[in-house]
Each structure stands twice: as structure tokens, then as C-alpha cells.
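Novice: Residues per chain are reported as follows:
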Amino acid sequence: MAEIAQTPEGLVTTPEKTRKPESTLSRIAKYTGSRMLSLMLTVVLGIYLTVLIANMGGYVDTIRRSLIREFVSLAVAGNPDLPNMTTEEITALRESMIEVEVERQGLNRPFLLRSFSYLGNAMALNLGRSENMVSDTGSRLVRLIILERLPPTLVLFATSNFLLFFVGIVGALALSRRYGSFMDRVIIALAPTSAGPGWFYGLFLILIFAGLLGMFPFGGMVGAPPPANRLDYFLSLLRHLTLPLMAQIISSVFLAIYTWRTFFLIYSNEDYVELARAKGLSDNSIQQRYILRPTLPTIITTFALNLIALWQGAIILETVFNWPGLGRTLFQAINLVDTPVIIGSTVIYAYLLALTVFLLDFVYALVDPRVKVGSGASRA
Amino acid sequence: MRNFLNTLKQLRKYPSAIIGLVVIAAMVLFSIYVIITLPYSRAISLWRGGENTWQYNPRLAAPTWTNLFRARDLPETIVLDSTDERYPSDINKRSETLTEITTTYEFDYFYDDFPREITLFIRSTHRTKAPSISLTWLTPDGREIRIGQITPKNSDSFRISLDETLKRRLGGLNPEVGLFVNPEGDTQTAVEGTYTLIVSVVTFEPESEVTTTFVSYGKVHGWAGTDHRRRDLSVALMWGAPVALAFGLLAAAGTSLATLIIAGVGTWFGGWLDDLIQRITEVNLILPILSILIMVGTLYNRSIWTMLGLVIIFGIFGGGIKTFRAIFLQVKNSPYIEAARTYGASNTRIIFQYMIPRVLPLLIPQLVVLVPTFVFLEASLAVLGLGDPVLPTWGKVIDDARGEGALFNGYYYWMIEPFVLLMITGFGFAMVGFALDRIFNPRLRDI
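Here the protein sequences line up with chains A and B, keeping their order.
Numbers 113 to 492, taken from my numbering, label the letters of the first sequence in order.
Numbers 1200 to 1646, taken from my numbering, label the letters of the second sequence in order.
There could be a bad hint or two in this list.
To list a few chain A residues with every Cβ distance to chain B over 10 Å, as calculated [as the list claims (entries may be wrong)]:
| id | residue |
| --- | --- |
| 1 | Thr144 |
| 2 | Leu205 |
| 3 | Glu211 |
| 4 | Ser247 |
| 5 | Leu253 |
| 6 | Arg255 |
| 7 | Leu266 |
| 8 | Leu319 |
| 9 | Ala336 |
| 10 | Leu404 |
| 11 | Ile412 |
| 12 | Ile428 |
| 13 | Ser457 |
| 14 | Val475 |
For each label pair, taking beta carbons as the anchor points, the in silico distance ranges come out as [unchecked claim]:
| id | chain 1 | residue 1 | chain 2 | residue 2 | range |
| --- | --- | --- | --- | --- | --- |
| 15 | A | Leu408 | B | Lys1212 | 30 to 36 Å |
| 16 | B | Ile1231 | A | Tyr171 | 38 to 44 Å |
| 17 | A | Leu387 | B | Ile1217 | 38 to 44 Å |
| 18 | B | Arg1358 | A | Thr199 | 48 to 54 Å |
| 19 | B | Asn1205 | A | Gly392 | 39 to 45 Å |
| 20 | B | Ile1231 | A | Ile175 | 31 to 37 Å |
| 21 | A | Thr413 | B | Ala1270 | 52 to 58 Å |
| 22 | A | Ala336 | B | Thr1303 | 53 to 59 Å |
| 23 | A | Phe274 | B | Arg1358 | 34 to 40 Å |
| 24 | B | Ser1354 | A | Asn196 | 50 to 56 Å |
| 25 | B | Val1221 | A | Leu302 | 17 to 23 Å |
In case anyone wonders, no lab produced these hints; they're calculated from the structure.
We treat Cβ as the ideally placed atom computed from N, Cα and C, and that holds for glycine.
Sequences are here, hints too, so could you generate the full structure?
Specialist: Spelled out as C-alpha cells, the structure:
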């Protein structure tokens, strides 16, 4: 039905195109421009919403004001000159100090105006300073806090995502060659286990391997104190990494294999694959040239989107395993209402996502000759 | 409709779907049973009852059935009350003001392990002169141990297991061990048999009355065990079922129905409306949803209904909208819609009576697959400490267990029980959902 519905439109548009041939360059330029514009707009909107929510629509200001009042009152109470001052003088001193502090934090400007300067700074990746959180090196720069927490997240999730991706695709290819086999049915039966998130299996693994067997630590990234020796450090890291890595893999590997297997099976029923089989090509070359090649765009998309999802880590998995990564930092930031850290983390994620979506369009065109950039059949 | 029933019949071909359906049916029946036998208000007051509601429950007790797998039987809780007719009080009036009341508590103890704590609760109606109470302990092997003497307040409790003088008298053993062990024999096992506690009270006011309750807290309790606040976990485990089902089903149904309608409306009218919906979907893609939920939970309100609302709002403009849009685009161009348009059917009529019912069957597998996601989402929020402040849920039990280091301290039952229930529920829906997906999705049917 889909083909019938689309054919007339195709017939109408094709002659028009031939009449007004557009150069590839201008088409790509036009497409790139509009795509960038719409993606930028998306990012701006997304970040502005985050700014609003992270500030509770301005309510966080009230909290900040009362905090300032509390701190200043404490400071004034500790003033050694206090006994020599009258009540009015004390009040005047306190109010003036509060005013200075309010001004220093920029709270005297209305929230609406400030929300736009938050947005502007965020868009310019000018992440500023945190309000409460401090990096391990003692810095308050949001950039440093994020950079410091990035490596642990990368270690955990890059490892697990790469493993999942390759195990998923290799396993799926193997299964799609002999579907209906015992292994195939086992994987199908196990696919629903992926309904449970990583932390859920993490708790179970902690119970068995840390609680009952005592083989692996309960959490953390390296032993305390961290081993000085490089090799020992690496081994300790490996020991701590095992359980969260296993949790992450168990929670998605069966679904990944199942999905890819189904996907490959759909493609291996295409006529051109049948033809290749009839020609007597080897299984390997059929797989590489006739199944993997046309599915490459989808594989690349999944891989790219998985890589970006890394950025946010997994808030709960990291919390459950006490893993000092970005996810746990974000959770801490939210608990401390540390708006700059929340916004900083979101803005980088938004940029990465937008950039990837943007680049993917061109990657499609590179790997798949059927796709033309800006030809209207693009997919987001 | 007949088509739909036919597809349901196909479910029989999938054993996993049958298991899943049985699980779902069992869960629904269990939820109904829970709501009837343990009404909401009672469950809440039990769960949030504080120390007094649960004062006769042991702390951190494993479920009773775990004794089946243990070499050493752990004791259950023994509660003996002086108002009970089985423990008659011997009242002896010595003078106008002086009365002697003696209560003899006899109880059988046939466990290998020792109680967790021993406490005597005392309620006295004296005005100014407090009575004097002395306790004597008789073991099955005929030893007599003086526990001590106290002058209670009107409502008091004598924590026998925390009494330092008694501990010294028992040779440094904790009283809950020392009172049950044979000092000459095996010090690891309690002496089995009938123990006697003699509570003799002397009151100094004519109207003064004293009642006592002796509690030997066990190490196992009920079918679910108890937590660090002596609460019976069965309350939370039972009420977790209707809450999880309601949250999962409402969120899944709300999200997918709203998505369907919005995709339908957008596709039908097309133009700027369709564009707007597409843009909103893209913005939504960038928003960190879990972070927003956590922010709202931390800053505004942690009620499960707020979370449900947010989950639905963010879920509406999710990936589902693109799938439905693609299907609606096909439906929009099909001849029967063309016909409806020709005879002047209104937009609402076309969208709600012709387009949406056509796509409805495709909604069902998606809806079922979504349920476990939301069930686990509720648990995830609870594990971050953002569970509903009032409702007892499985996620909150896991959170409590994690907070108290249940895995580290070996209280495995505490974590395993909600874990297994969550897993059963999640897998039940997921298994049915996967089978439905293969039936409704013609491309997958033979694969």
C-alpha cells in the first residue's frame, strides 16, 4: 500500500526536478543550513527548558536569598565589634552585607533576564563556577568538575558499550545464519530479561559476588588507598569494574542480539540476497557485501547514539556501585541544587547529540549510495 | 475485533506468552486481594506507624520459612502478656497500701539460636509512689537467675538484653545469650525446654495496677521478615503490587494513547502542526528525562502521581511518535479515508473513528512492552531516594535495604524479596509484549 501511495507523488516531483536541475553543491549547502538552524533551535529550546527546571522557574533564587541571609547573619554574629554597636547599626551592617552578596551573585536582576544570560553562557560553553560542588583538585570550575568525572564514566561505559555492540552484532550474525536453532530460541526466550535496568542486575550481582562469595568489592572504582604501582592500580580497577560491567551487559545483551538478529533476518530475505545465494557466493561474502553493507547506516546510527548516551552515564548504576562518574556527579549536583553543574552537563550532552544527528546525515550519504543529502528522504 | 481475537489466539503458540499472561493474571488477582484485605488507609498507617505500631516486632528478622534451609533454627518472637488468662497473676494484699502481684510466664523454647533482644514492657497506673518490680528467670535445667529490680515510670520498658549488671552477672555474656545458654555445656546453642520468668510486683498505692508484657524478639518473623524499623515487610511487598501495576499500566497506556492521538492529529492536519510536533519531539530527545525527574523529585514534589504525570508528558513526544506518524501517513492516503473525505466526514470523525482505530492493534504490543519500563522506572526513582513519601513500594524497600547496607550485613531476604517481585512482574509483561510484537508485526511473524 505504501508503494502505491507514494508512486504518484514521485511521478509528479521527478519531472520538476529534471526541468530545474539543482547543483549538488547548492542543494547540500541549502540542506546543511536549514538542518543546522533547526538543530540549533532545538538545542536552544532544550537548554532553556533545563535552565528553567533547574532553577525551579526562579524559586531557587528564594532559596539562595535565604541562604545568603543565614550566612551573613552568622558572619555578623561572629563580629568581634558587636558589643560596641547599637541594634540599628547591626541591622544596617547586616542588610548592607546581604545586599553586596545578593549583587555579587547577580540575584538583584530579575530571574527572567538572568535565565537568558544563563542560556547565553551555556550556549557559549562558558560553564562558569559551581555553587557547592568542588572537584577533587579543589576547583569550583564546572569544566574541571566535569572533566574530572569523565574518565571513570568513559572507562565503564565505553567498555560496556563497545562490548555490547560487538557481541550484539557478531552474535546476531551468527544466529541469523541458523535461525530456529537451539541457541536462537534461548536468546529469544532471554530477550525479555532486558526489561530490567542495569542497576537492578547490579544489586543482584553485588548480592552474589560481593555479599555471598566475597569475590569482588561492593563498589567504588579502585581500592582504598589507591595502589601506587601502575599495574596494581590497573588490577584493582579491573576488579572493581567487573560487577558494574557485567550488570550493564546482562541488562541489555540479549535484547541487543535479538534486535540485531531480527534486523539482519529481515534483510537476508531480500531478493538480492537470494540471488547472491543462487550464484553460490560464500556465506561470508554474502554477509559482508549483501547484508552488512545495506544495514550499515542503521549500525552506525545505533553505535553513534550509544556513544552519546555515554555522556550521561547511568545515574543509578553509578550510584549503586559508588562509581565516581558523571552520572553520580549529576545526581549529587541535583541534590545540592547546583544549577551550573546540571546545566553544564546537559548542554554538553545536547551539543553532542545535535552534532551527531547532524553528522549522521552525511555519513549515511557516504556509506549508502541510495541516500542523497537533502533529497527529502533523509531521516533523523 | 474478530481480527484482534484471532491474533490473541495466536498467542497460544508462544509458551513464553502463556507464562507471561499467567504471571500478569496472578499479579492482578493478587493486587485485588491486597486492596480488599489490607485497605489503603490501613496499609499506610501500618507502614508509617512508627515505633509503637511495631514494638512487638523484631528488628531485621528474616522470613520464617528461611528456617527450612538453616541448620540452626532461628527463634520466632514470643510475646507474653499479663492480661492473658494463661498467665494468671497471684495477688496478695499485705496491708492497706502494700500489694504483691506475682505473674509467672512460662514458655517453651525449642530453637538453637538466641533471641535478638528481650524486653519487658510495663504499664503502671501509680500516681506518686512507683511500684517495685523484680524479675527471676528459671531455666529448663533448673537454674535460677535473678534478672534485676526496677522502679518503673507509668509506661516503661525494661530492656533486659541491654542490662549491664545482668551481663556482668552472666559472666560477660549478653543477657539474650546468657539467659538461654548452659554455662557448663555448649555455649553456642540455647538450652531447649520450658523457661519461666517470674515477675513480682510490689505496689505502694491501693489503686495502683501494673500490667506487663514480656517479649523475646526472634530472628525470624512472618513470611516476609522485618526491616530496621521493625516494620513487617509484607505490608510493602503486598502493596507494592497494586502500586507497580497501576503505575506501569497507567504510564504505558497514557503515553502510548496520547502519542497515538497526537501523531494522528499531526499527520491528518499536516503543515505547521505536524512540523511543530516534530520539533517538540526533537527538543524532547535532547532533554535529560531522568535528570528532570530527579530534579522535580528533589525540588518540588515526590508524589508518585506527579512522577506519573511527568513520565507521561515526556513519554508522549518520544520515539513512538515517529513510528506512528509513518503508519498514519500510509493510512491517510488509503482509499477509505479518501471516501470519508468525499462524503464530508468531519476532521474529528476521520481522526478518531477511521484513522486511530485502524492503528490501534499496533499500539497493543508497544503498550505491553512499555509497562515493565515504567515499573522499573518507579523502582529506579525510589532507589535514588525519590520514592513516593507515603506509599509503600518495592522500590522503597530496595532503597531502605541499600541504605542500611543489607547486602553488606547479610540481610539478603530484604533485597531479594522486592527484587524477585519486580523481576516477575517485569518479565511477565515483557514476555507477553515480545510475543505480541511478533504477532502484530507482520515482518517478524515468520522470524
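Novice: Now look at each hint and say whether the structure bears it out.
Specialist: Here's how the hints hold up against the structure:
1. For Thr144/A, the non-interface assignment is confirmed: its Cβ lies about 17 Å from the closest Cβ of chain B, beyond the 10 Å cut-off.
2. The Cβ of Leu205/A lies farther than 10 Å from every Cβ of chain B, with a closest approach of about 33 Å, so its non-interface assignment holds.
3. For Glu211/A, the non-interface assignment is confirmed: its Cβ lies about 26 Å from the closest Cβ of chain B, beyond the 10 Å cut-off.
4. Distance to chain B confirms Ser247/A as a non-interface residue, since its nearest Cβ pair spans about 20 Å, more than 10 Å.
5. For Leu253/A, the shortest C-beta to C-beta distance to chain B comes to about 21 Å, beyond the 10 Å cut-off, and the non-interface label holds.
6. At roughly 19 Å, the least C-beta separation between Arg255/A and chain B is larger than 10 Å, which holds for a residue marked as non-interface.
7. With a minimum CB-CB distance of about 18 Å to chain B, Leu266/A clears the 10 Å threshold, and the non-interface call stands.
8. Non-interface status of Leu319/A relative to chain B is broken: a Cβ of that chain comes within 10 Å, the nearest being about 5 Å off.
9. Every CB of chain B lies more than 10 Å from the CB of Ala336/A, the least distance being 15 Å, so the non-interface label holds.
10. The claim that Leu404/A is not at the interface with chain B holds, since no C-beta of that chain comes within 10 Å of its own (minimum 18 Å).
11. Annotated as non-interface, Ile412/A keeps its C-beta farther than 10 Å from every C-beta of chain B; the closest such distance is 18 Å.
12. With 10 Å as the threshold on Cβ separation, the claim that Ile428/A sits away from chain B is violated: the shortest Cβ distance comes to roughly 5 Å.
13. The beta carbon of Ser457/A sits about 8 Å from the closest Cβ of chain B, which is not more than 10 Å, so the claim that it is off the interface is violated.
14. In this structure Val475/A is separated from chain B by more than 10 Å, as the shortest Cβ-Cβ distance comes to about 18 Å.
15. Taking 30 to 36 Å as the suggested C-beta distance range, the pair Leu408/A and Lys1212/B conforms, at roughly 34 Å.
16. The hinted window of 38 to 44 Å between Ile1231/B and Tyr171/A holds, with their beta carbons roughly 41 Å apart.
17. At roughly 40 Å, the beta-carbon separation of Leu387/A and Ile1217/B lies within the given 38 to 44 Å, and the hint holds.
18. Checking the proposed 48 to 54 Å range against Arg1358/B and Thr199/A shows it holds: the Cβ atoms sit about 51 Å from each other.
19. Distance hint check: the CB atoms of Asn1205/B and Gly392/A are about 41 Å apart, consistent with the given range 39 to 45 Å.
20. Separation of Ile1231/B from Ile175/A is about 44 Å and departs from the stated range, judged on CB atoms against 31 to 37 Å.
21. Between Thr413/A and Ala1270/B the beta carbon distance is about 56 Å. The supplied range of 52 to 58 Å therefore holds.
22. Taken as a hint, the range 53 to 59 Å holds for the pair Ala336/A and Thr1303/B, whose Cβ atoms sit roughly 56 Å apart.
23. Here the CB-CB span from Phe274/A to Arg1358/B is close to 57 Å, at odds with the stated 34 to 40 Å.
24. Between Ser1354/B and Asn196/A the Cβ separation comes to about 53 Å, which falls inside the hinted range of 50 to 56 Å.
25. Checking the proposed 17 to 23 Å range against Val1221/B and Leu302/A shows it holds: the Cβ atoms sit about 19 Å from each other.
Violation of the numbered hints given earlier is confined to hints 8, 12, 13, 20 and 23; the remaining hints are satisfied by the structure.
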